Structure formats: structure tokens, C-alpha cells
Amino acid sequence: MNEILGFSTLDLSRFQFATTSIFHYFFVPFTVGFALIIAILQTLAYRSGDPKLENLTRFFGHLFFINFAVGVVTGIVQEFQFGMNWQGFSNFVGNIFGIPLALEVLMAFFLESTFLGLWWFGKDRLPAWASLASIWIVAAGTTISAFWIIIANAWMQHPVGFEIKDGRAVMTDAWAIVTNPKGLEWFAHIWAGSLTVAAFFVLAVSAYHLRRRANVEAFRVSFRVALITALIGSGGVILAGHEQGQSAVRDQPMKYAAFSALWDTPEGNQMPESLVALPSNAARENRFELSVPYVGSFLAFNNFTEKAKGINDLQKEYEAKYGPGNYTPWVWPVYWSFRVMVGLGFLMLLVTLVYVWRWRQGKLDDPGRLYPLLLAMPLAPHLANFSGWIATEMGRQPWIVQGLLRTGDAVSQLNPLWVLLSLAAFWVVYLTLIGLDVFLLTRTARAGMHEPDVETPSVPAPDYVPEGARA
Amino acid sequence: MTDLPTLWFILTAAIFAIYFFLDGFDFGVGALQPFLARSEAERRAMIRTVGPFWAANEVWVILAAGVIFAAFPHWYGTLMTALYPEFALILLALIGRGVAFEYRAEINHRRWRTFWDVTSFVTNLLPAFLWGAIMANMVRGLPIDATGRFDGSLLYSVNTFSVLGGLATLSLFILHGATYLLLRLDDNDVLHGRARRAALIWGAVASALVLAFVYQGFIRTGLFGTFGFQEWLFPLAAAVNLGLIWLALTLKRDALAFAATGLTIVFSTATIFGSLYPNVLPSTLGDAYNLTVQNTASEPYTLRLLTWVGAAFLPLIIGYQAWNFYVFRQRIRAHDEKIPGGHD
Chain R
1 MNEILGFSTL
11 DLSRFQFATT
21 SIFHYFFVPF
31 TVGFALIIAI
41 LQTLAYRSGD
51 PKLENLTRFF
61 GHLFFINFAV
71 GVVTGIVQEF
81 QFGMNWQGFS
91 NFVGNIFGIP
101 LALEVLMAFF
111 LESTFLGLWW
121 FGKDRLPAWA
131 SLASIWIVAA
141 GTTISAFWII
151 IANAWMQHPV
161 GFEIKDGRAV
171 MTDAWAIVTN
181 PKGLEWFAHI
191 WAGSLTVAAF
201 FVLAVSAYHL
211 RRRANVEAFR
221 VSFRVALITA
231 LIGSGGVILA
241 GHEQGQSAVR
251 DQPMKYAAFS
261 ALWDTPEGNQ
271 MPESLVALPS
281 NAARENRFEL
291 SVPYVGSFLA
301 FNNFTEKAKG
311 INDLQKEYEA
321 KYGPGNYTPW
331 VWPVYWSFRV
341 MVGLGFLMLL
351 VTLVYVWRWR
361 QGKLDDPGRL
371 YPLLLAMPLA
381 PHLANFSGWI
391 ATEMGRQPWI
401 VQGLLRTGDA
411 VSQLNPLWVL
421 LSLAAFWVVY
431 LTLIGLDVFL
441 LTRTARAGMH
451 EPDVETPSVP
461 APDYVPEGAR
471 A
Chain Z
1 MTDLPTLWFI
11 LTAAIFAIYF
21 FLDGFDFGVG
31 ALQPFLARSE
41 AERRAMIRTV
51 GPFWAANEVW
61 VILAAGVIFA
71 AFPHWYGTLM
81 TALYPEFALI
91 LLALIGRGVA
101 FEYRAEINHR
111 RWRTFWDVTS
121 FVTNLLPAFL
131 WGAIMANMVR
141 GLPIDATGRF
151 DGSLLYSVNT
161 FSVLGGLATL
171 SLFILHGATY
181 LLLRLDDNDV
191 LHGRARRAAL
201 IWGAVASALV
211 LAFVYQGFIR
221 TGLFGTFGFQ
231 EWLFPLAAAV
241 NLGLIWLALT
251 LKRDALAFAA
261 TGLTIVFSTA
271 TIFGSLYPNV
281 LPSTLGDAYN
291 LTVQNTASEP
301 YTLRLLTWVG
311 AAFLPLIIGY
321 QAWNFYVFRQ
331 RIRAHDEKIP
341 GGHD
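Going down the list, the sequences are from chains R and Z. So the first sequence is numbered by full-length UniProt numbering: it starts at 1 and just counts up by one. So the second sequence is numbered by full-length UniProt numbering: it starts at 1 and just counts up by one.
If we strip away everything but chain Z, and leave its shape as in the complex, we get (with noise of 0.2 Å):
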């Protein structure tokens, strides 16, 4: 392939998938930890599930920044800047999750303890929904000048579709938690079957978000018409994929039901950059302001040379990352467990 700007925005895009999927039962594990967790040892198990894997998952979003940076420089800077209050809330919400989980299990008392569970709740919230929120307003546009700076008030970037947009992933984030549970926690638990109901309920509320979501941006501008082949066929798969979980938790099939919803993440991200291809973040302001895949990417040499690593290093992390999934493969139990002095 010669046209290393558009493959580089389809390595963009893998990444974000990767990223979403990835961190996204973080989040959603964070996020149902206070539903689904009752006693100390449940609360404990629950985050053993995401322990050894949350930072590496976390990295996926650094190399996210790392390659839009490196191949799309004006995009890194324009988009950052106009959504700046969503990036650092995004930010400050990273910081205090990270060390939630790692600080938790640091000292046994029990405010301390519950203060990291609060901490962790939010900040797994937060990002789950802002990564929708964004992605919404990347696919929306945003009012970008002749010089690629934005210009629009802080809350051009709060509107029903942003909002509706962040729903969606929260949802899709926390279904996918539940779904992440079921295949990493004892099958025995009470807590297992406490995960298959959530995943129940957050398999309805995410398809209707998410189907809402799809509806809003069809009706509203034809956002996700523009694909130009076969425009139905990501948000087909994401609804097959809904109908596959349903069918999965009813066969109790934890591992395809896992699969399911990271498939949804996986054709929801591509939905969002395939509509959005050739740009990268429309201009609200008139086409000739437009990003695009090719008026803002970095000079062939930078990009060969960004080829060349990524061949090298991508494959090697994806093996790396899988083995350490397959390290901590054993199901995680909630009970029967000594716990000296974590009772509450």
C-alpha cells in the first residue's frame, strides 16, 4: 500500500478498537464494583479480575496519542485543543483509577478502602463516558477556522448527540464489564450470577442507547451514510452482535458472550472512523476547513519510518499481551477465601 496516510488512520482506528475493548471491562468492571460486589471479598475479587492487565490495557490509549501525534499532527493538536475540557477531565479521571487500584489494597481499613472504591467508581465513570462524548463530536464536526484553530464556546462541545454518544459507550463499557466477569469469576459464585444479570439489564439499556445513538446520527445529519460501500454493514454487525450476547448469556456461553461485546466495541469504533474517513474531524465551519486523512497527516518519510516500528513492535506486544492473559487465565473465586482481618 503507497498511501501511508490512510493506512495510517486504519491503524488509528485498530488501536482505538484495541483500546476501547481493552480498557473498556476496566471500566466497566470500576463502574459495577459498587452493584455487584457485597462483601470485602467480593469487592477484592472483583478487581483481581482487571489487576495484572488495567496498565497494560491503559497503554493502548498512550499509543493511540503517541500515533495520531507522530502521523497526524495537526489533527493531535486541533482536537486536544478544542475538547479541552473533556481531555483533562479524561485525564485527571486516568490518575485517580490507576491509583485506586493500586493503592486499595495497600492498607486494611475500612474508610480507607471505601474511599478508593469511590474514587474508583468515578473515575471509571468518567472516561467511559467521555470517550463517547468525543468520539461524538469528532463524528458531528466542530467548528474549525481557515487556520485549524477552534472557535467555538466550551459548550459547542455538549449537545444531545455528544451526550447521547457518551451514554452509549458507558453502557457498551459497562455491558462488556459484566461479560468480562462472567468468563474471569468463578462459575459457582453468587457474584457470577449477580454479573449475568447486569449483563442482562446493561445489554438491553446499551442496545437501545446505542441504537438511539446510531438513529440520532442517521437522522440528524447522515453521519453515518457516508461510508460508500455497503453503509449498512457496521451498524448491522453491531446489532447482530447485541442479538448474539442475548443469546449467549441465555445459553450461559460466558466466553461468546465476552466475544460479543467486544465485537460491538470493536464495529462501533469502526463505524465511528469509517464515517469519518477521508477526515479526520469535519469542519462545522465549511468543507475547505475539513481535516482530513491527507491534509493533515506527517511527510512520507516520518510515516515509512512510523510503518517500519509499527511492523516490528505491534505484533511483538500483541503476543506479549496475549500470554499475559493467558498467565492470569485462571477463573478468579470471590469465596472460600482467606482473607485475615478483610472483613469489614
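For reference, chain R alone in the conformation it holds in the complex (with noise of 0.2 Å):
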């Protein structure tokens, strides 16, 4: 049995991991993000002393909390996932996919997970500069976990540092791959959304409570702190974004090609971009193209005179290279998510300019009419990562590994109906979690500053109340 309800072991292997790292991703930047945001804001509450930075640290602490959990659970099955559902993967790639996840794990993760369990529960227990250490070193972790995750990701996408034995990749030049030019960039970009995320978050929810003219003195600072953020996030993403662009352009040709769905070369000697396209696979052409000239020049080589390979031509460059098979990724989705994500993030951007220039009038207390907008914001970069992974993972399809191994050849030989029923019990898991998350967090984050539910005096819980005001 290869199939069942019509679904291959590859079909529904495919769809778990797209599931598991999505929803993942929920979770993982808005770590990177937030921790950083707190660190920084209890360095200002360590400096100036002032028991109410000290609350809103431990306000935001308690919500970075919530999704902690949950980004750590799922990282499990992250990781898990290339063994059970990718067999030919884990064999093939092992000896070097597998240096920088261990590296996540020992340089990141125990950090984070043993860091963040002494910051939240030893309050208490612990000097204020150890406290304010153990939440920097929780922010280190995070990002640290960010670097090799996307270092192990960026080989995938552009191999370097290997030499092929007995059929399997096998690791050089171990400096090679840290140094991958694509990885760089590529972390540069998720660290700048990550930031947005959280971000964005921040500004959500300090607005709520500004509007509301509680505790103004403190998520005045939470905002501020939020805004910087967001500006270096949001102009961050754009700008490494470009670069990306044009390094796709040169390792990843077709996957650029499907990002703008340019089917043919163009003729002449500039690129046009479309604006909007309906592209068929089918057709192997856009059904209705509205193209702007000499933009896809400029977005792929910053000049007006150059241009890409189309995805026919690509096509025949790869079968010419790779034997015959079909080389060209589904095209019309990771045109659209390209372009979704692009448009977030130049949304994020003018939002967060709309506050720069609100803070130099010197009306940033008050959320201003852009206020319904400002609550729905912390949607738009997750919706932007989702559309990101959306479009650079399928862009690269069929390679697994680009160039040197195929989805389709890295797929455990599975029965088909372990893997549905797998995939039926993630996503009820996930669906739930996502829903609890969403739900503790609006419920946490409306309800402010105030005493704990609960008090123990053996480890302290939740609590974000100063002694003096506990009555």
C-alpha cells in the first residue's frame, strides 16, 4: 500500500513537515524577539531601580512564559521529524545537518530552557544583576538557537563545504559552512523578523493599556522600547530581504524565477516585475500578467540593464544537467506568498514610521487613530513569516538539498497510514495549543498589572506585584 485516500507517504510526509515547522515558527521568533525586548527592558528597570519597570518586565515575562512552553515542545518534534519522516535525509545529510542541530542543543537550549527557570522562579532566590544576567543569557540563547538552525537550513538551500562519498554528503570545510554567505544573510533576515514579531506584539499591547491610561509610566517605556524595535525589524527584513533576492538570483535561479513567476527570459536588455500575475503550471505561462519595467532589474541586480533566467529556460538548463524530470516548483503559490510577504513587510514598515514621526510630535502616549490597526498588527509579521517559509520552501522544490538530493528520494519508506494518523494527531494537538496560546496570552495581556492568582512562599509564582503594594 503507497497511498491512501489518494495520499502518497511523500504527500503526507511533506504536509507534516510544512505543519510541524509553521507551527513551530509560531512560536520561535516571538522567543528571539521578546526575550530580547524584556532583557532590555529590565536593564532600564536595574538601572533607574524603578519598581515599575520592574512590573512591566515581569508583565511581559509572565507572556513570554506562556509561549515558551510551547516553542520548546514543538521544537522536539522539529527535530525528531528528519529521522522518522526523512530516513533518506538523515542518511544522506547526517554527517553534516547534524553538527549545527547538536550545536543548537548544546550551546543554545540548555541555556534557555535552565536560564529561563532561574529568571522566572528565582526572583527571590537571586541578586538583581544575577537575575538581569540569567534574562540576557536567555536572549543570547535564543538567538544563538536562531544562527544554527538557519546555518543547518542555508546548506540545504546552497551545499558548500562537502564532498560527495559513497553517496552521502559529507562535511570538509566545517568553516565553510558557518560562514555560508546565504546563511548570513538569511540569518540576518529571520533575526530582523523575529524582532518585528515581538515587536509588534509589544506595541499591541502597551497600546491597549495606553488607551486605557493604566500604569501609562510604564508601557510608555514598553512602547518606546517596542517602536525602536519594530523600526530596526521592519527596515532590517526589507534590506536583507533585497540581498537575498539577489543571492536567489545567482544559487537559486529557479526559485527567483518562481518568485516573480517569469516563465521566459526576457527579451529585451532590463527585467520587468510583475505586479500582479496569475501563473499556471499547466500552461507553463501566466494566464494575466501586469508587469512594471525595469523593477525586476533593479530588485535582482540593483541596475537597469540586466536580467534573469525564465523558468522554461531553467527547465531545460536542469534536465540538460540533472536527467529528465520536472524541475519547476508550483508556481503560483510561492508567487503569491512571495508577494504577500513583501507587502507585510512594507506595512510593518510604514506603521512603524507612522509612530517614528507621531514620537517627534511628541504624541506617542496616545495610539492616535491607527489604534484598531496597531491591535491587529501583531498578526502581519507572523502572517509574513508564514508566507516567507511558504515561498522558499516550495520555490525550492523538487530538491530536498539543492541540487544533490530530491524530496522525493529523502522520504521514509513508510506505511501511509501512520503517517495520517501522525498528521491527524498533530494538528489536533496543534490547533488546540495554538488556540489555548492565543487565548491565555489576549486573557494575560488585557488583564495588566495585578496580583497573582496564587502565592506560595516555597517558589514563588507568577507574580509581577511589588511588596508595597500587596495590601
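Only true hints are included.
Far from chain Z by the CB rule (all over 12 Å, computed), these chain R residues: (1) L239; (2) V354; (3) Q361; (4) D366; (5) R406.
Result set (SDA-like, lysine to any residue): computed pairs, CA atoms no more than 20 Å apart in a straight line: (6) K123/R <-> G49/R; (7) K165/R <-> R304/Z; (8) K165/R <-> Y301/Z; (9) K252/Z <-> R329/Z; (10) K123/R <-> R331/Z; (11) K123/R <-> R333/Z; (12) K165/R <-> P300/Z; (13) K165/R <-> G148/Z; (14) K165/R <-> E299/Z; (15) K123/R <-> N324/Z; (16) K165/R <-> L305/Z; (17) K123/R <-> F325/Z; (18) K165/R <-> T147/Z; (19) K165/R <-> P5/Z; (20) K123/R <-> Q330/Z; (21) K123/R <-> W323/Z; (22) K123/R <-> V327/Z; (23) K123/R <-> A105/Z; (24) K123/R <-> Y326/Z; (25) K309/R <-> Q397/R; (26) K123/R <-> R329/Z.
Here are the simulated distance ranges between beta carbons: (27) A283/R <-> I107/Z: 52 to 62 Å; (28) A322/Z <-> T432/R: 31 to 41 Å; (29) A283/R <-> T147/Z: 38 to 48 Å; (30) I232/R <-> D187/Z: 49 to 59 Å.
Quick caveat, the hints were computed from the structure, so don't treat them as lab data. All figures in this text were calculated on a predicted structure; none of them were measured in a lab. Ideal placement from N, C-alpha and C gives every residue a C-beta, glycine not left out.
Since each chain comes alone in its own frame, lean on the hints to assemble the complex.
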């Protein structure tokens, strides 16, 4: 039995991988950016000795904690599924891919989970400097973790520092793998993207309380910190993204052509970029297209005279190089998710600039007419991340390791029934978790700084109300 | 040592031993909670014994998987594909467990807490059982064909030996959880007394199941007869430890009891991995298809790199994790605590 309900093990495994990665990725960038914001807030609290800021830190720390648990547990699934569903992949890349993965655990996961516990539960047991150091260590851990996993992923998109031996990839140059230019660009993009996720969340929560005039002095601080973070994040995402597009033209031209739905190599000596298109894989052309001249050349090459190769030419090239087969990704989801990502990136930058401008006007404490948009904005970076992953991972199909291993050769030979059952179970659990997470985040964020429900002397409960305020 | 694959096999065994030692008591506390805690204060006290630790304890299994992936990629893919349903269930359980720990305290509502208590119970029980079943299947061997693919049905991995292995780890972890509670709870509490009784009962159950598992392994295929040197060493050490637990419980020496259950877990893990060597996963279809330490290992370059980073970071990790336990060393009281709105 190779199929169930018309789905093959490969289809189901791909769907399961996408499910797990995307779900895991709702939490990871949030953790990366949020830990940094909280560390900055706690530094401000430490330096000023202001108990209001100390409370603010605990309040956001509580929200962080709600997310962290789900991030950790979904990360385990992420790691195990390489072995469970992608046996061919594990065999082929283990020599290389396993190293950044092991480094991520050794250098980051232990740090994060140990020091977050110390920071949260050890508030009353550690001196203030040690508590501050703990949250900075957590922030560093989340960033290191992002670095290693991006290095691993970048190797799949742009393999370097290896040779093929007995049909598997073997590491020859670890330094080349660590300094993979693709990896460094991506890390910049991912890290900046993580800042936006946390920044817009903190902006929304702060705006909510500023609007209600509750703890204004504290929330105006978090609003400013988040606004600066959002500026660095949304600006950085766009700049790094521009760099990435240009390296994709060189390293993954098929992916780049799919981003632009560029079926045929342009005839003139410049490249237009389509604003809107309806790509069709069946017809191998766009059923409708509205293009602007020169923009494509600028995006891909920073000039107005160069052009990239189209999908149809690349397909012929790949057939000549790798043998007969379909090397064209499914263009419309790649094209449209890429556009959603870019559009949301610019929306984030725009909203940030509006508030930077208000800051200069001295009107920052009032969220103003954009308030409803600000409350909805935390969705934007998540949606941008979601689309970005769809674009980049679907865009490199049929390759799981660019030019070396096809996705179809990487999958485990499993009974599709087991994959279907596990997929269904993961969906049920994930949907429940995301519902609970959103529910608890909203509830805790809206409640604002309040006395904890539970107090126990043995281990402090979530507590962000100072001793004096507790009547 | 120049034989890096063997070094990493030993380190993999050590990482699993540390994982079972640390997460073992988390599983045990979770499984014992419905039986030992009778009030909300007691339930909270039990959760707080593992609260600051469980996440870091769990990271050891992520490390174990990462190390197998990097050092023995062929083993990684084959084992997890062959025991796919077991690993899928473990993952689902670990998700539920982690969230139950964190979310239970978020809302002070009886039905909310009960939901997480039930989730926590089931999701602590499952991995405790499944890890034993997986270890038993590893020792027993799986139908692995010439290409390194698993060639058997799902039910292949469900057999007397693996069920016995699962029950043995489950009971060992429950026992370990009970002795952990002895060490972490205030010793004047009634809860502490209940934990002591649980330790006695589960000490007996675990002894019987572990011995049955070893006996079954020994009689069936002589699985535990392949140490090469001193084949009696680890089973004997495990047996001595079980005796020690009884002694410690009678003498009311909590730390000794905990050390003894911990050592039992460490020695049991060593027994499993020791009897596997030089294989990592024997094939039941023929010795030629066995996955061995040598034929699944990564290239020397990768292993050397792994050795350097392991040497740099493992001592550091053990250091700060030990400090974490030191910071939260106080025993936890279940009673005379102020829990506004926390009563049932």
C-alpha cells in the first residue's frame, strides 16, 4: 500500500513537515525577539531602580513564559521528524546537518531552559544582577539557536564545504558551512523578522493599556522600546530580503524565477517585474500579467540593464544537467506567498514610521486613529513569516538539498496510514495549543499588571506586583 | 582515544542515562500526582518540585537525538522510521506534558486544573512506558533489510519483551519520582509520608519487573550475555541498588534512596547499551544487516568536530544545571501555605 485517500507517504510527510515547521515557527521568532525586549526592559529597570519598570518586566515575562513552553515542546517534534519521516535525508546529510543541530542544543537550548527557570522562579533567590544576567543569557540563547538552525537550513539551499562520498554528503570544511554567505544573509533576515514579531506584539499590548490610561508611565517605556525594535526589525527585514533576492538569482535561479513568475527569459536588455500575475504550471505561462519595466532588474541586480533566466529555460538547463524530470516548483503559491510577505514587510515599516513621526510630534502616549490597526498588527509579522517559509521552501522543490537530493528520494518508506494518523494527531494537538496560547496571551495581556492568583512561599508564583502594593 | 565512533557510542549511552535519570523523576512525579496529592495545595507542591527543572531536563533527549543524528545518521533514520508510531506517541506526550506544567497555574478554575491534571498524568505515563519499549526493541533487534530499511509491520515492535521493558521503565521512573519527592518535600508533611509508602510499593514492583525483564532477555536470546567482560556486572549493580533503596527507605535516608534509584536507572541504561555494543541496532534478518557503531558512524572529520564542541560545552552545561538545582534546593511545603482562592 503506497497511498491512502489518494495521498502518498511523500505527500503526507511533506504536509506533516510543513505543519510542524510552520506551527513551531509561530513561537520561535516571538521568543527570539521578545527575550531581547524583556532583557532591555529589565536593564532599564535595573539601572533606574524603578519598581514600575520591574513590574513591567515581570508582566511581559509572564507573556513570554506562556509562549516559551509551546516553543520548546514543538521544537522536539521538529528535530525528531528528520529521522522519522526523512530517513533518506538523515542518511544523506547527517554528517553535516547533525552538527549545527547538536550545536544548537549544546549552545542554546540548555542555556535557554535553565536560565529562564532561574529568571522566572528564582526572582527572590538571586541577586538583582544575576537575575538580569539570566534574562540576557536567555536572549543570547534564543539568538544562538536561531543562528545554528538557519546555518543548517542554508546548507540545504546552498550546499558548501562538502564532498560526496559513497552516495552521501560528507563535511570537508566546517568553517565554510558556518560562514555560508546564504546562511548569514538569512540569519540577518530571520533575526530582523523575529524583532518585528515581538515588537508589534509589545506595541499592541502597550497601546491597549495606554489607551486605557493604566500604568501609563510603565507602558510608555515598553511602547518606545518596542517602537525602536520595530524600526530595526522592519527596516532590517527589507534590506536583508533585498540582498537575499540577489543571491537567489545566482544560487537558486529557479526559485527566484518562481518568486517573480518569470516563465520566459525577457527579450530586451532589462527585466520587468510583475505587480500582479496569474501563473499556470499547466500552461507554463502567466494567464494574466501586469508588469513594470526595469523593476525586476533593480530588485535582482541593483541596476537597470541585467536580466535573470526564465523558468522554461531553467527547466531545459536542469534536464540537461540532472536528467529528465520536473524541476519547476508550483509557481502560484510561491509567487503569491512571496508577494504577501513583501507587502506585509512594507506595511510594518510604514506603521512604524508613522509612530516614529508621532514620537517626534510628542504624541506618542496616545495611539491615535491607527489604534485599531495597531491592535491587529501582531498578526502581520506572523503572516509574513508564514508566507516567507511557504515561498522559500516550496520555491526550492523538487530539491530537498539544492542540486544534490530530491525530496522524493529523502522520504522514509513508511506505511502512509501511520503518517496520516500522526498528521491528524499533530493537527488536533497543534490547533488546541494555538487556541489555548492565543486565549491565554490575550487574557493575560488584557488583565495588565495585577496581583497573582496564587502565592506560595516555597517557589514564587508568577508575580509582578511589588511587596508594597500588596495590601 | 582514537576510536571516535566508540567514544560517541559511550557518550550517547551517557546522555540517555542522564536523560532517564533527570526526566525519569519528572515522569514519576507526574504519574504519582493523582495518587498522592489529595488537595490543591498538595498538587501544587508536587508540581513545584519539578517546576524550575523539567524544561532543562527534557533538553537531554533533544541532545540525545541530535547526537545520534550527527554521529550515527544511519542509526537515526532507521530507528525512528522503524519505531515511527512509538516516537510519534512520545512526541505527542511530551508536548502535552510540557504545556500541562506551564498552563495549569494560569487559570484558577477547577475544571481547567483538572483537565491539565489528567493531561499531565497520561502524558507522563506514556513516554515512561514507551522509552522502555523502544530500548527493549533496540536490544531485541528489528527486521532491517540490506538497504537499511525497516521491513516489518507495526505490530512487530509490540511483543512480550518490549511490553515488559516498557513496564520496567515505567515502574522504575515512578519509583524514582517517589524518592525524588522524599528529597524535595518537607519531611514533616503528610504528603512526604505518602511518598515514602509509594516508594516502598513501587520499589517492590520495579524490582519484580526489572528482574522479569532481565530474565526474559537472558532466557529468550541471551541478549544480556554479550558484554564480553563481566557480563554479570550491570545486572548485579542494578540488583544491589534495588536492595539499597529498601535499606534507605527503612533507615529514612532520603538522599541515599534517591541516589539508589538514580543509579539503578543509570546502570539499567548502561546494561542496555552495553549489551547492544558493537551494534547499535541488530537486524533480525541476519547479522550481515546489523547496524553497528562503526557502519553507522559519521566520518572522522564530523566526529572530531563533535568531540571538540562536546568537550567544551558538556561540562559547562552540567555545571550550570547543577547550580540550578542548588538554587532551588529548599524542600517544598504543601501545608501552612497561603493560596488565595486555591482551595477546591
